[in-house]
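Asker: One-letter residues, chain by chain:
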Amino acid sequence: MEFPTALVLNAIIAGLLLGGFYAAVSVGISISFGMLDVVNIAHPAFIILGSYVAYIVNERMGLDPIAVSVVLSPLFFVLGLLLYRIYYLCFEKRGQESLRGLAFFFGILFITEVALVLIFGVDYRMVQTAYSETTWRLGPVDFPMRLVVPFLVSVTMVVGVQLFLTHTFFGRAVLAVAQDQLALRLMGVNPTRVKGLAFALSIATAGVAGAFLIVIQPVQPALGREYIGLVFAVCVLGGMGSIWGTLLGAFVLGIAESFTSTFFGPSWAPAVSFGLLLAALAFKPSGLLGR
Amino acid sequence: MSNRTFAAAAFTIALAIVVASRFIPNDYFFSAAYTVLQFIILATAWNILGGYTGYVNFGSAAFFAVGAYSTVFLYKALHPPLPVMILAGTLAAGVLGLAVGYLTLRMRGVFFAIATLALSVVLYTFVVNWDYVGGARGAYILQPREVPFGLRRYIHLLYSAMVLMTALALVVARAIETSFIGRGLAAIRDDELAAECAGVPTLRLKLFSATVSGALMGMAGTTFPFYLSYVEPSAAFNLSYAVNSIAMPLIGGMMSWVGPLIGAVLLGTVQQVVQVTISSAWNLLIVGVLLVLFVTLAPNGIMGWVDAWRRRRKR
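Going down the list, the sequences are from chains E and P.
Each residue of the first sequence is one higher than the one before, counting from 1 in my numbering.
Each residue of the second sequence is one higher than the one before, counting from 292 in my numbering.
Bear in mind the hints are in silico, worked out from the structure with no lab data behind them.
Careful, some of the hints might be misleading.
[As the list claims (entries may be wrong)] Beyond 10 Å from chain E on every Cβ pair, some chain P residues (computed):
1. F314
2. M398
3. L557
[What the hints assert, rightly or not] Derived Cβ-Cβ restraints for the label pairs, each shown as a range:
4. E:K284 <-> P:P371: 40 to 48 Å
5. E:T134 <-> P:R399: 28 to 36 Å
6. P:R313 <-> E:V78: 53 to 61 Å
7. P:P316 <-> E:A282: 49 to 57 Å
Everything numeric in this text was worked out from a predicted model, so none of it was measured.
From the three backbone atoms N, C-alpha and C, an ideal C-beta is built for every residue, glycine too.
Pulled out of the complex, with its shape left as it was, chain E reads as follows:
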């Protein structure tokens, strides 16, 4: 097989752009799963929910989906708070989080998906933005704006989350929860409250990532499933609970997928993320930048 330079360059750029988006999708899982030990397998469902919220507002009022999602992210934050409350009362407090908590989130994923199917049907939905059709060309390389804009906002968001976690008092409390809950309790901090707020933050990032998703591609309710493997792959690949690792893992995955799509066809792309996840789980469970 030949590898023409232009094709390879385009695949790398597309992979990087896609990787930035993947980072936004997975940063929430890095917080909830990587730091808080809450296996929120329903994370992709909230991404799809975010897509549909952006879609409704865009359809009704013609506003930019990404701007809308940032403005509406407090809604997802509150949703996250509520969800964690239920999870804490029903599972964590009773010490049964492992199996039953997992089944609980699996059920939430399923309910969200079916509810969206009942309301919107199984058709693909898309949004119109000012930049959807624009593409910059730099020599042989294409920069489609519908990928570039989500990429920029997404990387900003992920870096923002990292700075927030390392440079604020609350952020350090979250990192402390990830390390030693008992020590935190001895310092007079309530780990449950910190976890609740951090979990809410993770759901808020999912809502924003949903807007990126619907800008990049049309969305239908069952799409979330494809992202389950992806988010966990990025999280495990990058190293549990490391935000920089998440960014790195997302770029690796984005480029791997983009190459597969370019040279083997898009129908093989899902196998890449899940295959990488399996390999990462089996051979290097601590990830690239793991603790």
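Since chain E is already given, all that's left is putting chain P on it; use the hints.
Answerer: Only chain P this time, still in chain E's reference frame:
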């Protein structure tokens, strides 16, 4: 009751059911009952690894699909009789189960669950790209015109096969549960490290339980292509199999073979009724809501209630 008596009783009842159903005139009954029976097998099989051993498998759909697609492959390649296809699909899924068993070497808890889900998607992608078995377009499987044993229609034969396979699954699950294997598995579930230290051959038991669980799930899928006479990857790998085979044991109770049976009969029947009276999207919603409700409010399922009630009466 000893296992041998139980097996004899189970197969006698199964045969009696098969014979008695010949007098049911309504064809819809057979197709509805087929679905419920299929769920009983899936739930029972899932429970062998999930309930007894404590390893949550999100990839039930993959095993089911391996059974279904092994039938499609054999149908296209050799066209063997139905029992051969059932046996082959069961073996193929058992091999996959063994592979999943080896995953438990390195992964526990959540990581194992996610790995099985990942496995399911990887296999799905392979089937979508495998043109011989129909790829993404799916494959048509014609039901044979001639129906043996003087049955009226082919669905009756599939139904009868399903009744017998259900009996087999229950017998296997009960035999595992009541033997030293079941006690070993329970030890692994409660504390794997302690079990290993106490001399329980954890790896061998885990491999055994994963293989049996996978094989039974695959068995449930082997007749699926004939049931629908058309298979496509998204139908065979449907996430609802994974959700159902987790929800049913959780709702029924995971500690014994009765739990998945009760859960599957209950949830399967409710789904059939809802599907006919309302719509199929609603029936999935109900499964999800029931799963969440039970897991939050009644963590030990219906059998948990029964046990609590029995204990109270004893006092």
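Asker: Each hint: holds or not?
Answerer: Consistency of the hints with the structure:
no., hint, verdict
1, F314, "holds, 38 Å"
2, M398, "violated, 6 Å"
3, L557, "holds, 16 Å"
4, E:K284 <-> P:P371: 40 to 48 Å, "holds, 43 Å"
5, E:T134 <-> P:R399: 28 to 36 Å, "violated, 49 Å"
6, P:R313 <-> E:V78: 53 to 61 Å, "holds, 59 Å"
7, P:P316 <-> E:A282: 49 to 57 Å, "holds, 54 Å"
Checked against the numbered hints listed earlier, the structure breaks hints 2 and 5; every other hint is satisfied.
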